[in-house]
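Enquirer: Residue numbers (this note's numbering), protein chains in the order written: chain X, 20 to 182; chain E, 908 to 996; chain B, 86 to 224.
It cannot be assumed that every hint is accurate.
Claimed, not checked - Here are some of the chain E residues that sit facing chain B, going by a computed Cβ distance under 8 Å:
{"hint": "1", "residue": "Cys919"}
{"hint": "2", "residue": "Gly936"}
{"hint": "3", "residue": "Val941"}
{"hint": "4", "residue": "Leu942"}
{"hint": "5", "residue": "Asp945"}
{"hint": "6", "residue": "Asn950"}
{"hint": "7", "residue": "Leu957"}
{"hint": "8", "residue": "Ile960"}
{"hint": "9", "residue": "Met966"}
{"hint": "10", "residue": "Val983"}
{"hint": "11", "residue": "Ile989"}
What the hints assert, rightly or not - Have a look at the derived ranges for each label pair, beta carbon to beta carbon:
{"hint": "12", "chain 1": "X", "residue 1": "Phe96", "chain 2": "B", "residue 2": "Leu88", "range": "21 to 29 Å"}
{"hint": "13", "chain 1": "X", "residue 1": "Val92", "chain 2": "B", "residue 2": "Ile89", "range": "16 to 24 Å"}
{"hint": "14", "chain 1": "B", "residue 1": "Lys183", "chain 2": "X", "residue 2": "Pro77", "range": "28 to 36 Å"}
What the hints contain is simulated information worked out from the structure, not anything from laboratory work.
Being a predicted model, the structure only gives us computed values, none of them experimental.
Note that CB positions come from ideal geometry on N, CA and C, so glycine has one too.
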Amino acid sequence: MLRKLFPHPYLTLLLVITWILLVNQLKLGSLIFALILGTIIPLITAPYWPDRPILRNPRAIVGYILIVLYDIVKSNFIVAGIVLFKPNSQLKTTWITIPIDLRTPEAITVLAGTITMTPGTLTADMSGDGKSLLIHCLHAPDPDAVRDEIKARYEARLMRIFE
Amino acid sequence: MIHYALTFAFACFGLGLLFNLYRIFVAPGVVDRVLALDTMVINIIALLVLYGITSHSGMYFEAALLFAMTGFVSTVAYCKFILRGDIIE
Amino acid sequence: MELIAETIISLLLVAAGVFGLVGSFGLLKLPDTMTRLHAPTKATSLGVGGVLIASMLYFWIFQGKLSWHELLITMFLFLTAPITANLIAKAHMHRYSKQIKLPDTGTDSGWATFEDETTEVHPVMTRTRAAPAPTKADH
Chain X
20 MLRKLFPHPY
30 LTLLLVITWI
40 LLVNQLKLGS
50 LIFALILGTI
60 IPLITAPYWP
70 DRPILRNPRA
80 IVGYILIVLY
90 DIVKSNFIVA
100 GIVLFKPNSQ
110 LKTTWITIPI
120 DLRTPEAITV
130 LAGTITMTPG
140 TLTADMSGDG
150 KSLLIHCLHA
160 PDPDAVRDEI
170 KARYEARLMR
180 IFE
Chain E
908 MIHYALTFAF
918 ACFGLGLLFN
928 LYRIFVAPGV
938 VDRVLALDTM
948 VINIIALLVL
958 YGITSHSGMY
968 FEAALLFAMT
978 GFVSTVAYCK
988 FILRGDIIE
Chain B
86 MELIAETIIS
96 LLLVAAGVFG
106 LVGSFGLLKL
116 PDTMTRLHAP
126 TKATSLGVGG
136 VLIASMLYFW
146 IFQGKLSWHE
156 LLITMFLFLT
166 APITANLIAK
176 AHMHRYSKQI
186 KLPDTGTDSG
196 WATFEDETTE
206 VHPVMTRTRA
216 APAPTKADH
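Take the sequences, apply the hints, and build the full model.
Expert: Here is the structure:
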């Protein structure tokens with residue numbers, strides 16, 4: 020019964036938070052309306068997403084977000100330094116292939132987004148069977164180190180959250 | 908002090924807009940133009956929020972939010988067009 | 086207290102301005118399209134993020150009203166920046182596929198952008214089980 024009424028509990032939560040942020044004040048009326056919207060929209064759109072994403076360890080998300088935010092700030096300084104002070108001739112841009120062990124689409128999407136937002140790397144493509152990612156590096160003297168860091172720092176954590 | 912910082916930020920993002928405009932006119936390919944347009948949208952969002960601070964009004968956030976959404980959708984549409992020659996298949 | 090808040094807001098605004106300018110400057114300075122893609126996606130995220138946090142603090146401390154829908158714009162930009170970057174990279178690879186030398190995928194199939202659209206690909210990444218193959222009893 021509860022499962023039928025809330026086919027996607029995380030979507031409901033996201034909609035409620037988004038509506039509260041959009042209204043910009045915490046009143047009982049807007050909270051009730053947010054709950055109504057958060058119930059109706061997943062019910063109507065449920066046929067389009069038949070199975071819900073599995074989160075095995077939702078509490079690890081907070082730690083992951085903090086790490087990614089720290090890396091985004093760090094990457095900003097690194098990229099700004101490269102843009103301002105490194106001559107173009109000294110840039111070592113490379114393409115890297117990263118084999119991935121994650122299998123769920125949500126986990127791969129999060130990994131690709133994280134790689135794009137963090138220091139000097141950018142996800143460009145995925146192989147047709149979803150087993151490796153194509154990464155472009157702005158300045159990577161040692162491509163293997165970049166690959167190992169991504170696998171150890173992000174993929175291992177996502178593995179714990181999603182699978 | 909905030910006043911000077913605001914002026915400085917206005918100048919930075921305005922100059923950034925000019926850089927993007929130059930990149931739109933002088934670009935090696937169409938992909939660079941799309942990228943420049945995308946960056947332009949982000950700069951405009953920043954300018955709108957800055958203007959909201961100087962005029963003490965919250966009115967401009969809605970505009971900035973709408974700009975962020977239309978900017979994202981238009982960039983995706985451009986890229987789809989380059990990739991497939993069609994937007995809605 | 087006022088002075089501290091004012092200093093923090095000013096620092097945020099100045100840092101955001103510098104990062105936004107660097108992002109747009111990278112668009113001019115870097116040598117080719119793929120490297121140019123790095124500058125705006127990264128530098129401007131902190132640029133706009135700084136401006137939005139400064140605006141939130143300003144309205145909270147000097148106007149006395151707690152305003153948090155700036156968070157919504159920040160969230161939206163952080164979610165969409167990787168997607169636009171990925172799509173622009175795909176468009177670039179598609180358009181200049183002759184000039185770019187890509188590494189091997191390490192698996193059986195090629196990169197998704199260059200796969201043949203007409204051949205049918207098995208959906209490898211869905212959790213739903215594939216339909217069972219038709220047997221003789223179906224006919």
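Enquirer: Decide, hint by hint, whether the structure agrees.
Expert: Outcome of the hint check:
1. Cys919: This interface hint holds because 3 Å falls under the 8 Å limit.
2. Gly936: Where the cut-off is 8 Å and the nearest Cβ of chain B is about 7 Å from glycine 936 of chain E, the hint holds.
3. Val941: It holds, given that the least Cβ distance between valine 941 of chain E and chain B is near 6 Å, below 8 Å.
4. Leu942: holds, 5 Å
5. Asp945: holds, 6 Å
6. Asn950: For asparagine 950 of chain E, the interface hint holds, since the closest Cβ of chain B sits about 6 Å away, which is under 8 Å.
7. Leu957: Holds, because the Cβ-Cβ distance from leucine 957 of chain E to chain B comes to roughly 6 Å (cut-off 8 Å).
8. Ile960: Status holds, d = 5 Å.
9. Met966: Check failed: Cβ of methionine 966 of chain E comes no nearer than 12 Å to chain B, outside 8 Å.
10. Val983: holds, 6 Å
11. Ile989: holds, 4 Å
12. X/Phe96 x B/Leu88: 21 to 29 Å: About 27 Å separates the Cβ atoms of phenylalanine 96 of chain X and leucine 88 of chain B, which means 21 to 29 Å holds.
13. X/Val92 x B/Ile89: 16 to 24 Å: holds, 21 Å
14. B/Lys183 x X/Pro77: 28 to 36 Å: violated, 46 Å
Checked against the numbered hints given earlier, this structure breaks hints 9 and 14; the rest are met.
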